[in-house]
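Q: Here the protein sequences line up with chains A and B, keeping their order. Start counting the first sequence at 1; every next residue gets the next number (this note's numbering). Start counting the second sequence at 515; every next residue gets the next number (this note's numbering).
Keep in mind that the hints are not guaranteed to be accurate.
Residues from chain B shown here face chain A by an in silico Cβ test under 7 Å; the list is partial [as the list claims (entries may be wrong)]:
no.	residue
1	Y712
2	S724
3	V727
4	A728
5	R730
6	R735
7	G791
8	T794
Pair by pair, the computed Cβ-Cβ distance ranges are [stated by the list, open to error]:
no.	chain 1	residue 1	chain 2	residue 2	range
9	A	S148	B	L762	51 to 57 Å
10	B	S542	A	S148	44 to 50 Å
11	B	S542	A	E319	53 to 59 Å
12	B	L843	A	A496	19 to 25 Å
13	A	E67	B	S542	31 to 37 Å
14	B	R538	A	D166	18 to 24 Å
15	A	L101	B	I632	46 to 52 Å
16	B	R538	A	L101	42 to 48 Å
Here are some of the chain B residues that sit facing chain A, going by a computed Cβ distance under 10 Å [stated by the list, open to error]:
no.	residue
17	N572
18	N575
19	A729
20	L731
Calculated from the structure, these hints are not laboratory results. Glycine residues also receive a C-beta, built at the ideal position from the N, C-alpha and C atoms.
Chain by chain, the residues run as shown.
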Amino acid sequence: MEGQPDSGPLRVAGRALRKSFGGIEVLHGVDLEAVGGRVLALLGENGAGKSTAVKILAGDYRRDSGEILVNDQPVVIRSPRDASDLGIRVIYQEFSDAPDLTVSENLSLGNLPRNRLGLVDWAAMRSDAEAILDELGINLDPKAIVGSLRVAERQILEIARALAGDARMLILDEPTSALTIEETQTLFSFIRQLKAQGAAVIYITHRLDEVEEIADDVLVFRDGYVVAEGPRSSFTRHDMAEAMVGAKLDETVANLHADHAEPGQPMLELSGVTIEPFFENVDLTVRSGEIVSLFGRLGCGSMELAESVFGLKRLDSGEMTVAGVEGQVRSPTAAARRGVGFVPVDRKEEGLLTVLSVAENLSVASWSLLTRMGLLSPKASLKVYERWQDRLAIRGTRGARQVVSTLSGGNQQKVVLGRWLERDSKLLVMAEPTRGVDVGARAEIYRVLRGFADEGLAILVVSSDIEEVLRISDRIIVMSRGVVVAEHPAGGVDRARLVREAAASHHEAAATGG
Amino acid sequence: MTTTETEHPQAGAAGETLAQRASRLFISVPPEAVLLAVLLAMGGWFWNSSEVFMTTINMRNVLLSVSVLGILAAPSTLLLISGNFDLSIASNAAMCGVAVAMVADGHSTALAIFVAVIAGLLAGALNGLLVSGLGIASIIVTLGTFQAYRGIARLMANGQTIRLRGEIDFITDRIVGIPTQVVLFIIITAITMFVVRYTRFGRAVYAIGSNLVAARLAGIRQRPTVFVLFLVSGVMAALAGLILASQLDAASPNAATGDELKVVAAVILGGASLSGGRGTIIGTLLGVLILGVLQNGLTLLSVTSFWRDVATGTVLIAAVGLDRVRVMLGGQ
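All chains should be modelled from the sequences, with the hints used to inform the complete structure.
A: Structure representation (structure tokens):
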């Protein structure tokens, strides 16, 4: 570490940072400063430059120009290692843990305690791990294999790993996207604890309610520039949203529920369905022309319910009728044949044929329908692309042949969605339809969903995003601990009530639903 | 301040050096074009260094020598694209060759060929069942059957080379002046190319290799697809066994030893990705031809077989390395 005075709060600053990729500048001379004892929230749509700026501080990217100062002294950060030596730690959305090792091994990864013979000191490792977990108030078994943990638990572990050692500045990149409300609160209390110890925190997020809760300062990025900054208290939620999206805001706020005609025939009817231990005795009907949201927190059972509709899970008991045909769906292939489409949560892992083209990704679910005399012409896929490109506003740089993984998150999601629209699905099941999708594309996806609902598509959305649920649903069904605890028509409920209902305890949930 | 921002990237484009322009061109050409250039350059060099190289007889020899490799490489390309390996093909070929020779001794040729094809099909079916039925990784399954099938071939032949009786010469005969095995190689390559591009099955192979889970969630059935690939691989192995036996008028249980790795080398040289989803039949064809021309040319130049092996390995790594550089220059 090069000459930092120990007194006074830590200040880490980037000055006039610029960065280009492939000749296109994405960061146009940006200043930012994080101060010890304060939380700086970085806001912006995807591609606004916030992640790029942070990756420069973290040593993941080399800046093209500009400098980084720690307490006014220029420092050299050429690699994540350099940043880490300066006490700058980053937690990215993707896991960087070793899933086949235990929690305690992961906590001492790269720094295994060794005994006098130079061999691994397992006892010391275990006790170190326990000390770290205790200090942070994390309830994880040090002996658990990391790959067997839930997503949220792995996220917490990731944070614990970053905090182990001498962290002076912590950068969190959308850390709560997979966390439950309680886990988010646990995370926030770590952050407050760190703040109290004088660490500087940079918090990247899309969620304005989190900014209000945790941030001291706000910095808003748009198109590679900093467009607004100041203490959090000087921003209203509306100010922040407006700074993020520019003038586009108005068209994206109102609930899209229109007073259209009565919903039509039921496309999905569930009665008394149960899969132990995920959900029990659920009744649900989704009609042609309506968007029904299952709102609940991670682990409330709604995801498993959605999977059973697409044939990924078998019901223990209860009746299922899909598009008028009784009987469980046995497999995804059978689901597609019965007119059910499914947009999974994890786009990269479960949605995209990553190295294939946009056209093939759009047409894949319909290949059986596009086959003529045993042949599937490549032109058929191109036609599928032409059919959907405008209607879904798929924005790529190389048209139908572009490799799908090079699209932005929002466009990728449109492709996975379009796949089932092309298949002419009667019932669409979407899990977290806009996770990792920027504000602009989000509005487009909502518009498309509403448009198709108006044409008679039945849509079942599983979501833990309250804004989303309020914006798109005709009916909101709240689940908690595997049972339905409430049902609301569009516009008939407010945010606070939904949060309260989704947090219903086991006892309350059982009383309402069971 | 705004001015500098807009001018910065433009200044870079105008001041592009020759090296930058060359690297841009290098990035933009398809990988098959690079392979074709390598093949032509090699051919040109051998033509220049050896009088014999560019003769009809020698060109025919090159094609004869690569056709077995090519016939095996076609299904292997599909398997690799789907994210699977078949390491047992060469052993399977030897086993089928021995079966032909044994049945042909005393029975009709047609029956011998039928038995061989069925043997290859069954061997492929066993691989397919273990991989798509039990879900064992194909590299493990076929590493096992690679040993087992070779062992069965040796057991059947009692470790001896069996003379081929009867008339199976048709395979070394010619169709319009071209040796039958070369014709088979061309037909199989053409059919595979067509299947890959114009059938649902072919596209499903890519989808499965690209992302198994996503393919399943899009309604594609992985198990039957992979099973069929192993069946095809088994039948092609039988065909290779027949050709090898008829070439020598004898079936050796040690025939085609090591060919499974040559096949993998040709497929990877052709641009198929070990992680699946990527690869082309035209690339594999070029890969097969490059390996064949290299072997032939170096033999003509009296390079010893030890050095030929070194050269083959070097070309494989160089070609894949070149493609890697291309990808890196292209940025992610």
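Q: Indicate, hint by hint, whether the structure satisfies it.
A: Here is what the structure says about each hint:
1. Y712: 5 Å, holds
2. S724: 4 Å, holds
3. V727: 5 Å, holds
4. A728: Holds - the Cβ of A728 of chain B comes within 7 Å of chain A, reaching about 5 Å at its closest.
5. R730: This interface hint holds because 6 Å falls under the 7 Å limit.
6. R735: Cβ of R735 of chain B sits 6 Å from chain A, so the hint holds.
7. G791: Holds, because the Cβ-Cβ distance from G791 of chain B to chain A comes to roughly 4 Å (cut-off 7 Å).
8. T794: Because about 13 Å separates T794 of chain B from the closest Cβ in chain A, which is outside the 7 Å limit, the hint is violated.
9. A:S148 x B:L762: 51 to 57 Å: With Cβ atoms ~56 Å apart, the hint holds.
10. B:S542 x A:S148: 44 to 50 Å: 45 Å, holds
11. B:S542 x A:E319: 53 to 59 Å: Since S542 of chain B and E319 of chain A have Cβ atoms about 58 Å apart, the given range 53 to 59 Å holds.
12. B:L843 x A:A496: 19 to 25 Å: Given range 19 to 25 Å: violated, Cβ gap about 54 Å.
13. A:E67 x B:S542: 31 to 37 Å: Since E67 of chain A and S542 of chain B have Cβ atoms about 36 Å apart, the given range 31 to 37 Å holds.
14. B:R538 x A:D166: 18 to 24 Å: This hint is violated: roughly 45 Å between Cβ atoms.
15. A:L101 x B:I632: 46 to 52 Å: 48 Å, holds
16. B:R538 x A:L101: 42 to 48 Å: 43 Å, holds
17. N572: Violated, because the Cβ-Cβ distance from N572 of chain B to chain A comes to roughly 38 Å (cut-off 10 Å).
18. N575: With a closest approach of 37 Å, the N575 of chain B hint is violated.
19. A729: Hint on A729 of chain B: holds, closest Cβ of chain A at ~6 Å, below 10 Å.
20. L731: Holds, about 5 Å.
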